[in-house]
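In case you want the letters, here they are:
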Amino acid sequence: MPKLIQTRASWVTESDLRTAKLGGRFGRLDLLSQLALLAVEALHLDFDALPRARTAICLAAPGGSLSTDVEYWNGCDAVGGPSPTLFAYTLPSAAMGEIAIRYRLTGPNLCFVGEDDMLLSEAGDLIQRGEAEGCLCVCCRIVSTAAGELIDASPVTEARAIFLSLDG
Amino acid sequence: MPPLVAIAGCGAVTAVGRGVKALRSALRSNASGLRPSARFDHPRYQSAIVGTALGNGGGAGPDDPAWELATEALQQARDEAGPILKSIPAERIGLVLSTTKANIEALERLRARRPCSPEGRRHLQGNLLAADLAGAHGARGPVQCVSVACVSGLVALQQGARLIQRQAAEAVLVVGMDHLSAFVVAGFSALKALDPSGCRPFDQERCGLSPGEAGAAIVLVGAASAPPQAITIRGWGNNNDANHMTGPSRDAVGLVLAIRSALASAGLQPRDVQYVNAHGTGTSYNDAMESQALRAVFGESVPPFSGSKGMLGHTLGAAGVVETVICILAMQDRFLPGTPRLGVVAEGVPVSVVREPRVISRLDCVLKLNTGFGGMNGAVILGYA
Chain B
1 MPKLIQTRAS WVTESDLRTA KLGGRFGRLD LLSQLALLAV EALHLDFDAL
51 PRARTAICLA APGGSLSTDV EYWNGCDAVG GPSPTLFAYT LPSAAMGEIA
101 IRYRLTGPNL CFVGEDDMLL SEAGDLIQRG EAEGCLCVCC RIVSTAAGEL
151 IDASPVTEAR AIFLSLDG
Chain U
169 MPPLVAIAGC GAVTAVGRGV KALRSALRSN ASGLRPSARF DHPRYQSAIV
219 GTALGNGGGA GPDDPAWELA TEALQQARDE AGPILKSIPA ERIGLVLSTT
269 KANIEALERL RARRPCSPEG RRHLQGNLLA ADLAGAHGAR GPVQCVSVAC
319 VSGLVALQQG ARLIQRQAAE AVLVVGMDHL SAFVVAGFSA LKALDPSGCR
369 PFDQERCGLS PGEAGAAIVL VGAASAPPQA ITIRGWGNNN DANHMTGPSR
419 DAVGLVLAIR SALASAGLQP RDVQYVNAHG TGTSYNDAME SQALRAVFGE
469 SVPPFSGSKG MLGHTLGAAG VVETVICILA MQDRFLPGTP RLGVVAEGVP
519 VSVVREPRVI SRLDCVLKLN TGFGGMNGAV ILGYA
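Listed in order, the protein sequences are those of chains B and U.
Residues 1 to 168 in the numbering used here are what the first sequence spells out, letter by letter.
Residues 169 to 553 in the numbering used here are what the second sequence spells out, letter by letter.
Source of the hints: derived by calculation from the structure; they are not laboratory data.
The beta-carbon is built from N, C-alpha and C at its ideal position, and this holds for glycine as well.
Errors might be hidden in some of the hints.
Listed next, the stretches of chain U that the computed footprint assigns to chain B, with coverage defined by at least 3 CB atoms under 8 Å from CB atoms of chain B [claimed, not checked]:
id: 1; segment: 268-276
id: 2; segment: 292-299
id: 3; segment: 461-468
id: 4; segment: 542-549
A partial selection of chain B residues facing chain U, derived with a Cβ cut-off under 8 Å [claimed, not checked]:
id: 5; residue: Leu31
id: 6; residue: Phe47
id: 7; residue: Leu50
id: 8; residue: Val70
id: 9; residue: Cys76
id: 10; residue: Ala78
id: 11; residue: Phe87
id: 12; residue: Thr106
id: 13; residue: Pro108
id: 14; residue: Cys111
id: 15; residue: Val113
id: 16; residue: Asp116
id: 17; residue: Met118
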C-alpha cells in the first residue's frame, strides 16, 4: 500500500484573526469559515502546483455549526427576518465551500460533525483508494459562549490543518 | 473491481406516509405529499407549502423529531434486513448519520423558553444523535455523522460503502434525517428560495423549492452477507464547483466531474445508465445547471430522468438517502418514477424528463444525483452485481 505523508501543519486561534489579510470578503464569513480558511492559509501550500480536481478537503467540526446557528436564530425576530447570508453558514460544510472557492479546489469533500479522531484515516482512505492525490484536513472547533450554554461545553475557538499526500 | 457493497434493507418516513409501502404506492400514482401547513402560514415565511412526515405541521410536535424520524426509518430497514443483520456481530455493524441540522427543534424551544427534554437538547449535536441511534439499533462498529449540505445523504452512502470495502465493518446502517423547522423555512424564505405555489422541478414556471422532512435508512452489507440478486452500490463521485456558496455553477463543472467520477469508479460508460434520479430542487438555477450537466455527460442521449422533490419536498440531509430508496424501489419493481407537479417542461430541459411513472422491462443501472450549498455535488450509481 502506498505510503502517506503529512507535509504541512498549522494551528490558529481567534487572536490570529486580527492580523489576517485574506481580502474584503473574509470579513463577511462566519467564524468557523474564517478560522478554517486561516488554518489552510497558514499551511503556505503552493496550490498552483496541486491537481485541483484531485485535491480533497476533509473537515471535522466538533461543535458543528451550532455557534453560527445560535447567532442566526437570535436574529429571527429582526425586521426583515433572519439574515440570509448567515443562513448559508448554518452548515458546518460551509467552511469547506469557502476553502474550495478560495483555492479553486474541485476535488472530493467530506465533512464530519464530531471529534477529529477519524479525520486522518478517512482522508488517507480517499488517497489510498485513488479518489484524491492529496487532502486538506481541517479540524475547526468553535463553541461560542451562547452555544456552550446549550450543550454544556466551554467556549473554544481554534482550527488546525494539515496536508496529507502520497509519499513521492 | 472494488469489493461488493449490497443493499439489504430500506426504510422511509416521508410526506407520503410512514414506511416503504406508502412510498412505493405514491411513486406508482405520482402523488405529491406537499400540503399547506398552518405552522408556516405567516408573513415571515415565503410559502406555507411543505412536506410534513410527522403529522405535526399545524402545531406543537415532539421535542425530538430528529430522533423520531431517524429511529423509525432505521427500524424499518433493520426489519427488512433482519436475518442478515442478526448473523453479523454488533461490533461489525457501523452507522453513518446524514443530517444538516440534527435536532434543531431544541434550539427553537430553548430560545423560546419552551420545554425541551435532555435528549432533545443532546441531539442538537449530530454526532451524539448518531451515537445514540447506533446504541439503540445494535451498531457497535464505527459511527460517523456526515454533514455536507444537501449532498449529505449521498456522501453518507459513500462513507458506508468505503467502511465496508476497507473492512472496517461488515454492515453499515446509513440513515438520513432532517426535520421541518422554523429555523430552515425562515432561512430559505430569507433567501427568497421558496416557490409560493409549491415546488415544480423542471417546470417552466418553477421558481423555488418546498421544504420537506424525512427519515430514511438503507442497510449496506459486504459480499459475505449480500442477499441473492441484491442491488449494489457500483460507484460514486463527489466534487466541488468552487464557484459560489449558495448558487450552482453556471458551467456545471462540479456535477459533471462527480458523474464522470462515478462512472469511472463503476467501470461504466454513459450509455450504460438507464435512469437518472435528479436533484431537481425546482429552483431555476439548479434545474438549468443539472440539465446542462446531463447534456455534458450524455450528449443528446440523456437517459430518462425525473425529480422526486415535488412528492417529498426538499428533505436536505435526508434527500440523498430517501431518493436512493426511490431508485431502489424503481429497480425492484422495474418502473421509471415520474416528476410530481411537473406541468409544462421548461425550455432547455432534456426531452427525456419522465412526467408520469411508467413500467419498463428492466432497470439495471441507475444514477442518483444531489447538489448543495458550498458548491457540493454528489453522484451514486446503483446496479446489480
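Hint check results:
{"no.": "1", "hint": "268-276", "in the structure": "holds (count 7)"}
{"no.": "2", "hint": "292-299", "in the structure": "holds (count 5)"}
{"no.": "3", "hint": "461-468", "in the structure": "violated (count 0)"}
{"no.": "4", "hint": "542-549", "in the structure": "holds (count 3)"}
{"no.": "5", "hint": "Leu31", "in the structure": "15 Å, violated"}
{"no.": "6", "hint": "Phe47", "in the structure": "11 Å, violated"}
{"no.": "7", "hint": "Leu50", "in the structure": "13 Å, violated"}
{"no.": "8", "hint": "Val70", "in the structure": "7 Å, holds"}
{"no.": "9", "hint": "Cys76", "in the structure": "6 Å, holds"}
{"no.": "10", "hint": "Ala78", "in the structure": "10 Å, violated"}
{"no.": "11", "hint": "Phe87", "in the structure": "4 Å, holds"}
{"no.": "12", "hint": "Thr106", "in the structure": "5 Å, holds"}
{"no.": "13", "hint": "Pro108", "in the structure": "4 Å, holds"}
{"no.": "14", "hint": "Cys111", "in the structure": "5 Å, holds"}
{"no.": "15", "hint": "Val113", "in the structure": "4 Å, holds"}
{"no.": "16", "hint": "Asp116", "in the structure": "11 Å, violated"}
{"no.": "17", "hint": "Met118", "in the structure": "7 Å, holds"}
Of the hints listed earlier, those the structure fails to meet are numbers 3, 5, 6, 7, 10, 16, in rising order.
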